[in-house]
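J.: Chain order of the listed sequences is A and B.
FYI, the numbering for the first sequence is 1 to 406, going by my numbering.
FYI, the numbering for the second sequence is 1 to 542, going by my numbering.
Read the hints as simulated data drawn from the structure, not as lab findings.
Hints are not guaranteed to be accurate.
[Said to hold, decoys possible] Facing chain B, according to a computed beta carbon distance under 8 Å, are these residues of chain A, among others:
{"no.": "1", "residue": "Val-244"}
{"no.": "2", "residue": "Pro-246"}
{"no.": "3", "residue": "Arg-255"}
{"no.": "4", "residue": "Asn-271"}
{"no.": "5", "residue": "Lys-361"}
[Stated by the list, open to error] Facing chain B, a subset of chain A residues (Cβ under 7 Å, in silico):
{"no.": "6", "residue": "Gly-68"}
{"no.": "7", "residue": "Arg-72"}
{"no.": "8", "residue": "Arg-251"}
{"no.": "9", "residue": "Ala-261"}
{"no.": "10", "residue": "Arg-326"}
{"no.": "11", "residue": "Glu-327"}
Please read all numbers here as calculations on a predicted model, not as lab measurements.
We treat Cβ as the ideally placed atom computed from N, Cα and C, and that holds for glycine.
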Amino acid sequence: MKALRFKRNIPRYAAAKIAGNIMPGSGASFGPIDLIQEENSESPGKDWVKVRPRLSGICGSDLATVDGKSARYFEPLVSFPFTPGHEVVGNLDDDSRVVLEPVLSCTSRNISPPCTPCSEGKIGNCENVTLGEISPGIQTGSCHDTGGGWATEFYAHPSQLHSVPDEFSDEAAVMVEPTACGVHAALAAEIPDQGVVAILGSGTLGQVTLSALRHFTNPKTIISTARYPEQKRVATQLGSDIVVSPEEIHRAVRRACGTKAITNVSEKAPNGRVDRLTGGADVVIDCVGSSKSISDALSITKPNGKVVLVGMPATVELELTPLWHRELQLIGAYTYGTEKLPDGKTTSTFDLAFELVKTAKLEELVSACYSLNNYQEALKHAANAGVRGAFKIVFDLRDERERNIK
Amino acid sequence: MNTDNKETSRPSPRPGFVLDVDRNTPPIVFHHGENFHLEKLPAGRSRVVYPSEPLEGLPDPEGAIKDALLNPLGDSDPLPSLLKPGMKLTIAFDDISLPLPPMRKPDIRQRIIEAVLDMAAEAGVDDVHLIAALALHRRMTEDELRHAVGDRVYDSFAPKGLLYNLDAEDPEGMVVLGETPHGEEVHFCRRAAESDLLIYVNINLVSMDGGHKSTATGLAGYTGLRHHHNVHTLRNSKSIMDRENSALHASNWRMGDVIKDAGVKIFQIETTVNNNTFGREGPLALLQKREWEWNARDRGQFIAMQRGLDLLPVKAKRRIFGGWQSPYELTSVQAGEVEAVHKKTIENVYAQQLVTVEGQTDILTLGLPYICPYNVNSIMNPILVMCLGLGYFFNLYKGKPLVREGGVLIMSHPTPWEFHPVHHPSYIDFFEQVLTETTDPIEIEKRYEKQFAEDEWYIHLYRNSYAYHGVHPLYMWYWGSHAMQHLGRIIIVGGDQKAVRRLGFQSASTLQDALEIASDVVGPQPTITHLKTPPLVMADVI
């Protein structure tokens, strides 16, 4: 098999961090990730099945790992060496197509009885991610035993697999997992009917979250920030009412909410600068996860409003006074599981994601495909997707020789 | 006007004229924000409209003011006979937007207000309010008010709350006096409306100013202004500088009738100044000289100034130019009944500014200076660049526009993507929100006017800070709507490319590039006219 393998190697990890800081995505050239050829992998358990990826996406958390920017928080939650890749459409041995739901929950770990979150269908909150029959790993793509999607094969537990309808292209299918993240975030936000929502960031995650908000909730106004023209165009197409540059978000939310503004510096005459708002959006969904974006979110959310972190934040520096003073809720939205819809029905996030990908034609977000051999270029492209007018970059394994040897 | 001014005027100032550019014509100075460019215009098909030299100022301004107050025009009685003990007197005066640049001390407003107050005191009038008639402009600061009315007047009235800026958003302070036959509500300052006499002190820098517009606009709020500050009216004002052909003025004149019918008695005092914008001597004097008359010293001085400015950071340049005060001289003062006074005022404005120009041109070029009515002590943001070029300078005509319909306007200005956060907060939103959606004035009016006019935060900043009203940037855009409709293309030379694009205009690095771009619209050998202003010049196109 052929795979991209990420090892524990502190000096190379440090080199990746330096390189990634200089040029996003270039951590792949210096970091502890290598393209390897080896004997086919072994199944981690008797129920597990082999998946031969067709397309495998590159996500923001993968890039953080490659560029040495992942939080140390994850160290005990992964097992080295591992093969990244959790956004996968692949074939089973019978050639049927499946999409991977990568969370390694109690069921896949063969833990019985399952933990409380898993028993409630909230597998993303599984309390046993380091336990059970397989090595630690919160998802396929961070667990040594399972392998990952950036390879010509890996293993999945049947509970992780969803059949792909024939009418779905591979491009549509590979968008199901990231879309499920957006669906979960949109529903976790509990948008009030006719509320005002701001989405910070218009990369893939921002766009799928926007699309989910438009389809499964009923806001009055959605405001998106987008840095690049293509991001702006797609955000408008997917249903954002107002699309502005990140530095314009305070004013845009103020206008949409009809609130007043406050300048951080106290001056003799009230200043027309808008540093924070007296009121603000009902909900702000941060799909960036930087110190700046979270600070912005806290400054444009109305008192008692909600800030949802969808973008993986790592280590950030924050002024939390507004959180306290305005009694804001700051919540995270990680992966998926079972969702409660505004009409009270419950359903699996992946079912909603399949529906949304099809309805909103989210396969159009797949911008470029690379072979595994060109992984360094692929990762650079993914890290600079916005500026290059792209969204989702994927590895295309359909023509890999190793994959097609049965 | 300036008694301390040691400058001497020409015995007979030369009128403005039109220069046909030939091979021997030297490069022409173009204003370019806080800098200047020398531009060579194509020979044989270019012309330059030069302003008149400054007319001689009145030798005794105080005497002329007193004479005007005692010998009013129209059916008005002399001012002293209108002043009675126990009466309520309001003196309103033009705000910071006039004149441009601000004038050297003492300001004309100070001279007139002092003369009026002397007469009021003699008559035993003690209920006097002084109001800066700023409509929806920003409030004037203490320093600016002191400059306009003088320290003596400021110190006597301001501390008691008797000298203040109009607050057109104060529901108690404003009143609707009635409607014109066209259904236009006349929104007016309550104190002025309820006074026994309203004296208006004006500076008529251009022919658009004065007349009923002084009070019907200057003392009004949004409720009234929206009836003439709109796209339809401004597109039918050809031009706003020519009252007889201006729908804007027609509306103000109708409102003037309503004000009169409501019993508001107005004593109008109007003044005109000469073209001595940059001084006959001093560092900027050569901007008033015709280029072929420059001597070696002038040329050296210009090059040194230009290079020096190139080296300075923009804030320093703004400080230098913002500190410039023009040594204008008073050329006329007339007082009495509004229309009779204004008729005489316009004659005096035209005497200084009007130049006859034969026929229209394919391309009109303008060098835009660092200042316009709405960035005194502030920043000329891109919307104000548009307004100065398309709203004011394009409209400096009588008869026909200088440029033919479908022709090209080329303006030179750095057009920085920069806004004054205190003065122009709603401009930032307008630039960020509205212009990214549309640049069509009709669409803007329809979709955004209400939002910007009624935004509580803008209203708060207008009333309590020094911000232009929320709706003001939309008015700026409307001001340019006649030009936008008339022109085939608008090009800005040397501007911030992103800002120029946001305005919906084309950007060019040099005048030559701009002429090249313009040829797509007007053909390869277009006629070109450069309106060389400031100092101010108005074209009478025949």
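J.: Next, verify each hint and record whether it holds.
T.: Quick rundown of the hints versus the structure:
no.: 1; hint: Val-244; in the structure: holds, 7 Å
no.: 2; hint: Pro-246; in the structure: violated, 12 Å
no.: 3; hint: Arg-255; in the structure: holds, 6 Å
no.: 4; hint: Asn-271; in the structure: holds, 5 Å
no.: 5; hint: Lys-361; in the structure: violated, 25 Å
no.: 6; hint: Gly-68; in the structure: violated, 35 Å
no.: 7; hint: Arg-72; in the structure: violated, 39 Å
no.: 8; hint: Arg-251; in the structure: holds, 5 Å
no.: 9; hint: Ala-261; in the structure: holds, 6 Å
no.: 10; hint: Arg-326; in the structure: violated, 18 Å
no.: 11; hint: Glu-327; in the structure: violated, 22 Å
In this structure, the earlier hints numbered 2, 5, 6, 7, 10, 11 are contradicted, and the remaining ones agree with it.
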